[in-house]
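A.B. asks: For the sequence shown, position 181 matches number 343 in this note's numbering, and the numbering has no gaps at all.
Rather than coming from a laboratory, the hints here were simulated on the basis of the structure. Don't take every hint at face value.
Across the chosen pairs, the derived CB separations fall in these ranges [said to hold, decoys possible]: (1) Ser296 with Pro224: 32 to 40 Å; (2) Gln266 with Leu183: 37 to 45 Å; (3) Phe283 with Ser196: 25 to 33 Å; (4) Asn348 with Asn294: 56 to 64 Å; (5) Lys221 with Ser188: 16 to 24 Å; (6) Pro247 with Asn294: 22 to 30 Å; (7) Ser186 with Lys221: 17 to 25 Å; (8) Asp220 with Ser287: 17 to 25 Å; (9) Leu217 with Glu297: 39 to 47 Å; (10) Leu217 with Ser296: 32 to 40 Å; (11) Ile349 with Asp265: 14 to 22 Å; (12) Ile222 with Gln266: 16 to 24 Å; (13) Tyr305 with Ile197: 28 to 36 Å; (14) Thr240 with Ser296: 33 to 41 Å.
Below 30 Å or equal to it, Euclidean Cα-Cα: the simulated BS3-like pairs (lysine-lysine) are [what the hints assert, rightly or not]: (15) Lys301 with Lys277; (16) Lys277 with Lys227; (17) Lys267 with Lys227; (18) Lys227 with Lys276; (19) Lys221 with Lys277; (20) Lys267 with Lys277; (21) Lys301 with Lys227.
Note that the structure is a prediction, hence the values are computed from the model and not measured. By construction, the Cβ of each residue, glycine as well, lies at the ideal position given by its N, Cα and C atoms.
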Amino acid sequence: MSTHSLRFSPEDTAPQEVTLLNASSSLYEGDWSSIPHSHAFTELFYVRDGQGEFLLEDKIYPISKDDLIIVNPHINHTEISRENPPLSYFTVGVDGLSFSFNDQKEYRIFNCRKKKTDLLFYFNSLFQELDNQSEGYEKICIYMLNILILQLRRITDSPFELITAQHPSRECANIKRFLDSNYGENISLDHLSAIST
163 MSTHSLRFSP EDTAPQEVTL LNASSSLYEG DWSSIPHSHA FTELFYVRDG
213 QGEFLLEDKI YPISKDDLII VNPHINHTEI SRENPPLSYF TVGVDGLSFS
263 FNDQKEYRIF NCRKKKTDLL FYFNSLFQEL DNQSEGYEKI CIYMLNILIL
313 QLRRITDSPF ELITAQHPSR ECANIKRFLD SNYGENISLD HLSAIST
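Start from the sequences and build out the full structure, keeping to the hints where you can.
C.D. replies: Rendered as structure tokens:
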């Protein structure tokens with residue numbers, strides 16, 4: 163008999179304290195106008211199929227099948243679909259979680275097509291649990307969300323930290339982004355006041 167034995171001793175077996183606020187599955191059919199908006203929570207946006215653009219803070223990025231867009235709280239964004247094939251996507255709203263990327267941006271687009279991890283499987287599993295609502299589905303959804311976050315750590319070449327969301331106002335979030343990007347400059351209170359209005 164041959165045995166290959168491994169010991170599992172995780173440092174922390176409890177998932178992060180995150181709350182799944184909402185989830186939607188959408189197919190763009192030309193009846194929805196793309197209006198820039200923001201949320202007080204983090205949004206994960208996964209493109210199931212199709213192609214289009216994603217507007218993030220006045221910059222437009224091309225998106226297509228198997229792209230994942232992470233949008234931190236209070237970031238203006240919207241999606242714009244091309245006609246053929248139209249965008250089909252999942253969105254997941256998460257509270258208690260914000261991503262801190264090393265370039266100080268408050269969003270990130272991951273191209274997952276060439277990675278071996280099938281994020282679509284995890285999104286489909288999450289939505290299947292939400293649709294069926296069988297016993298214990300809430301816990302399974304939280305665990306699925308944590309698995310998604312761990313898979314992101316494996317596939318990304320852009321390191322990030324997870325930080326607890328503090329629920330700042332939009333004005334405070336704008337000032338924080340400005341300070342993070344311009345910390346080496348001579349910044350006056352009058353300039354910060356102008357940013358907050």
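A.B. asks: State for each hint whether it applies.
C.D. replies: These are the hints, each one checked on the structure:
One distance hint, 32 to 40 Å for the beta-carbon pair Ser296 and Pro224, holds here, with the actual separation near 38 Å. Gln266 and Leu183 have their C-beta atoms about 25 Å apart, which leaves the hinted 37 to 45 Å range violated. Against the hinted window of 25 to 33 Å, the Cβ-Cβ separation of Phe283 and Ser196 comes to about 28 Å, which satisfies the hint. The hint said 56 to 64 Å for the Cβ distance between Asn348 and Asn294, and at roughly 57 Å that hint holds.
Under the hint 16 to 24 Å, the C-beta atoms of Lys221 and Ser188, about 22 Å apart, fit the expected range. At about 28 Å, the beta-carbon gap between Pro247 and Asn294 stays in the expected band of 22 to 30 Å. Between Ser186 and Lys221, the C-beta spacing of about 24 Å keeps the proposed range 17 to 25 Å intact. Distance hint check for Asp220 and Ser287: the Cβ-Cβ separation is about 35 Å, which falls outside the suggested range of 17 to 25 Å.
Checked against the given bound of 39 to 47 Å, the beta carbons of Leu217 and Glu297, roughly 40 Å apart, stay inside it. At roughly 37 Å, the beta-carbon separation of Leu217 and Ser296 lies within the given 32 to 40 Å, and the hint holds. Roughly 20 Å separates the CB atoms of Ile349 and Asp265, a value that falls within the hinted 14 to 22 Å. In this structure, Ile222 and Gln266 meet the distance hint of 16 to 24 Å, their C-beta atoms being roughly 20 Å apart.
For the hinted restraint 28 to 36 Å between Tyr305 and Ile197, the CB-CB distance of approximately 34 Å keeps it satisfied. Between Thr240 and Ser296 the Cβ separation comes to about 34 Å, which falls inside the hinted range of 33 to 41 Å. Our distance criterion of 30 Å between C-alpha atoms is met by Lys301 and Lys277, whose separation comes to about 27 Å. The straight-line distance between the Cα atoms of Lys277 and Lys227 is roughly 13 Å, inside the 30 Å bound, and the hint therefore holds.
At most 30 Å may separate the alpha-carbon atoms for a hinted pair to count; Lys267 and Lys227 meet this at roughly 23 Å. Of the pairs offered as hints, the one joining Lys227 and Lys276 holds, with about 11 Å between alpha carbons and a cut-off of 30 Å not exceeded. Distance hint between Lys221 and Lys277 is fulfilled; the C-alpha atoms sit about 25 Å from each other, no more than 30 Å. Restraint check for Lys267 and Lys277: satisfied, since their Cα atoms lie roughly 23 Å apart, inside the 30 Å limit.
Pair hint Lys301 plus Lys227 holds up; C-alpha atoms about 28 Å apart against a cutoff of 30 Å.
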